[in-house]
Amino acid sequence: MTWFFFLLLIVAATAAYLGGRGLARRREKAMPRGQSPHSRPGQHGAYALIWTAVPALVVLAAAAVFSAPLERSLTLAGAPEAVQQLEPFRRDAFFADAHNLAAGRPAMQIWPAPYAEELPRESRRVASIAQTLKLAGMAAAILAAILGALYVFSRIRPALRARNRVEGWIIGALMACSAVAVLTTVGIIAALLYDSTRFFASVPVVDFLFGTHWSPQTAIRADQVGSTGAFGALPLFAGTFLIMLIAMAVAAPVGLFSAIYLSEYAGPRFRAVVKPILEVLAGVPTVVYGFFAALTVGPAFRAFFNQIGAWLAGGPLDGLGQYLMLVQNQMALVAGAVMGIMLIPFVSSLSDDILNAVPQSLRDGSYAMGATKSETVKRVLLPAALPGVSGAMLLAMSRAIGETMIVAMAAGLAAKLTLNPLDTVTTVTVQIVNLLTGDQEFNSAKTLSAFGLGLTLFLVTLMLNVVAQRIVQKYRQQYD
Amino acid sequence: MTDATLPSPAPKPVSAATPEARAERLRAGLKRRYAREKRFKLYGLLAIGVAVGFLLLLLGRIIEQGHTAFYAHSVTVPVYMDPARVDRGYPQGTNFELLVAEQQLARFGVVDDAQGTKAGAMRSLFSSELKFVAAERIQRQPGLIGQTLPIAAPLSDDADLYYKGQISRAVPADQRRLSDQQLDWLDQMKASGQVTSHFNTALFTNGDSTEPELAGVLGAVVGSALMLMVTALIAIPLGVGAAVYLEEFAPKGRITDLIEVNINNLAAVPSIIYGLLGLTLFINWMHLPRASPIVGGLVLALMALPTIIIATRSSLKAVPPSIREAALAMGASKTQTVFQHTLPLAMPGVMTGSIISMAHALGETAPLLLIGMVSFIPGIPHSLGEPTGALPSLVYIWENASERAFHERTAAAIMVLLTFMIIMNAAAITLRRRFERRW
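Chains as they are written, first to last, in our numbering: chain Z, 1 to 480; chain R, 1 to 439.
There's no promise every hint is true.
Calculated pairs, DSS-like style, for lysine-lysine (alpha carbon to alpha carbon, straight line, at most 27 Å) [what the hints assert, rightly or not]: (1) Z/Lys373 <-> R/Lys41; (2) R/Lys164 <-> Z/Lys275; (3) R/Lys252 <-> R/Lys317; (4) R/Lys164 <-> Z/Lys378; (5) Z/Lys373 <-> R/Lys38; (6) Z/Lys275 <-> Z/Lys378; (7) R/Lys118 <-> R/Lys164; (8) R/Lys31 <-> Z/Lys378; (9) R/Lys252 <-> Z/Lys474; (10) R/Lys41 <-> Z/Lys378; (11) R/Lys317 <-> Z/Lys474; (12) R/Lys118 <-> Z/Lys275; (13) Z/Lys373 <-> R/Lys31.
The hints are simulated quantities; they were obtained by calculation from the structure and are not laboratory data.
The task is simple: from the sequences and hints, build the whole structure.
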């Protein structure tokens, strides 16, 4: 049905183009000698096409946006008394199940007596409302297309500045494209704020940011304001920070040194081989790193520490030995180390760009003073590139904080306030995945807390990114 | 920072009077400096070695863990279709696995106890697929009841692992999933030529399954393909359009700067935030179906958009202004100049950037988990609106599965995923090499 409608729209638009072009050609032929029209027939055709297709598309878009709330209020208005008196969350679930039944899917939950009888009738009703709205939207779109076409065909004449008008439309469309990028940001902030405010209505912000106890598993309903102690996110922040530190301890030196080697020492052939390899490393999906961390690095580290523990046990460091023998696969060190490896190409390529931006004259000056290459790098290049490099490191940190799959597969779920790299910790991103991937009611404080975490994560990474990009840009301008 | 040159060293008091002594000291210092230089260079090489070595280790481990998933073992057993057990009207209701197991026990001369534990143990060596194969055979030709037919079916995942050498007799019996007796039977079956090893076609022709020997990646591959199609159709036109506007038409000013900062930030927003956006915007507000390719494609499109905009802008920037000036001088309008000259010349760069961002989108996992692709979804999707899996989320699901046979299949799924990514990246590189123009 929908496909057929779009096909119809495409046919109508093509017809409008051909019709507009033909009409413009006929009018052009009828012109007296010596005069020429303002625009080419094809531009008239394009103008006709725009005026036919755009009104229809605008109406369709408006229908898509407004039909959902309209449908909601219509279904609610016509619903039986018992359903209307449900609390909002339950009512939404009821209508969701009505939709499920209408679409031939099984209901998500078993409904008790008064609702179970209503469900089939309600499902027929919601289906008919949805169908009516859909048809109404399509009819309005067809009407809009016809009106647009009537308007444009009444205006086609040789003096019409069709090209300028078409170009105006094109530029408008391009502007709309770049508006999407802005709207994405607005959408992210709106989505995060909408659900976070609902979460923070039941859990105070201070308790969330500075509380030290995290156990969302105990189902706390949004209307129970008393028991809010379980949403203290400090252990998650600590875990995220710890893993980020470990990752940076791996990625910063290795990435920086490989960038230094590539930009200062390596010949063109070496670069031609190594750079693509680093690009491959950067292109490996994080879920693959996660698999590797969980099944290769984790067991290897565990075996290593257990071995050391067995060796130390019974000696003067017996306590440490006993502890090391009990180390598990899922530790902060594994996730952090693998994440560090993942970040190497990122740090390396950013630093490489930054080192290359340092003017050759600085190097030449240093060499002329008799400095060796390494002395030039250490005393001239790095101080000169320091702002840029630190910007790159901030960007890498922001990626480490936001990285999800490696930690989800290798770090674990236990929220502990610890800085011990051999302990299992959990991170903000792991908890978001964990909170939102189970089968639970969406509107509980438990699921909403994921949006509180998401908002915190977004703000922190945004801050890091803005600062880092500022620094990198300032630095680039310096040598331009 | 041109002042950041060598810190001017304070003139050291020269104590050694003789030039020989000074030269000697300089030489010693030089030696130390050269040693330091060598060490420094070595650190750099070492760093690159770590990165390259890690990549090799990663790929090597995945191939090592995954190559065994590409072949599987099947069993072909003669089955006497006992008229007393097989219902002519409803063959699906027959417990063929038990029937086969009992006949197999009889063939090996094993006497079962009253509870039928041995038949149960034997039965667990066969895949549940056996039942469907046999039932289908009987359904098609009911006349076969009462005869003895060869029935071929996959072995269970544990039996398959034993033949692949991943379950060892050396391990104490209570720590492995197969008993000594079951291992003996498997040896006997192998010796009697009932077992054949073959290419694991199920891995490529089946959707996901809870049973490893029947699980395949096709559903996820189709799901990923549908999703990428949506992503490409939305993100590439929008991204190119936005980049063309910002680079060629937008008045340079505060708003454009703000949009640029905004796009750079969007490119660095953690992917899981896009998952939250998709969950709220597309599923909770717009009521699009959970875990469907349309939602996945939209989320990935929003993620890919900034990358495509950045790539397109930089390749538009690379087109020299003389081209634009020539077109304008010939009387072309601004729009005609862009769409007939600048953009076509920038196209190789645009396509390369787009393909690379599509490859990234293919490997993106976290947002897909949030829009529901973490649940078990069997079958192969046929439309944009039905729930589906995706390759990266399949990797995550299989990695979390408890059956050991899923480990090798996870690695195999990763190999499939990486193959697609390598193909896309190779296409991008070829495109770049082929059409790149230096001005």
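So, going through the hints one by one against the coordinates:
no., hint, result
1, Z/Lys373 <-> R/Lys41, "holds, 9 Å"
2, R/Lys164 <-> Z/Lys275, "violated, 38 Å"
3, R/Lys252 <-> R/Lys317, "holds, 14 Å"
4, R/Lys164 <-> Z/Lys378, "violated, 54 Å"
5, Z/Lys373 <-> R/Lys38, "holds, 10 Å"
6, Z/Lys275 <-> Z/Lys378, "holds, 23 Å"
7, R/Lys118 <-> R/Lys164, "holds, 24 Å"
8, R/Lys31 <-> Z/Lys378, "holds, 18 Å"
9, R/Lys252 <-> Z/Lys474, "holds, 18 Å"
10, R/Lys41 <-> Z/Lys378, "holds, 12 Å"
11, R/Lys317 <-> Z/Lys474, "holds, 20 Å"
12, R/Lys118 <-> Z/Lys275, "violated, 59 Å"
13, Z/Lys373 <-> R/Lys31, "holds, 14 Å"
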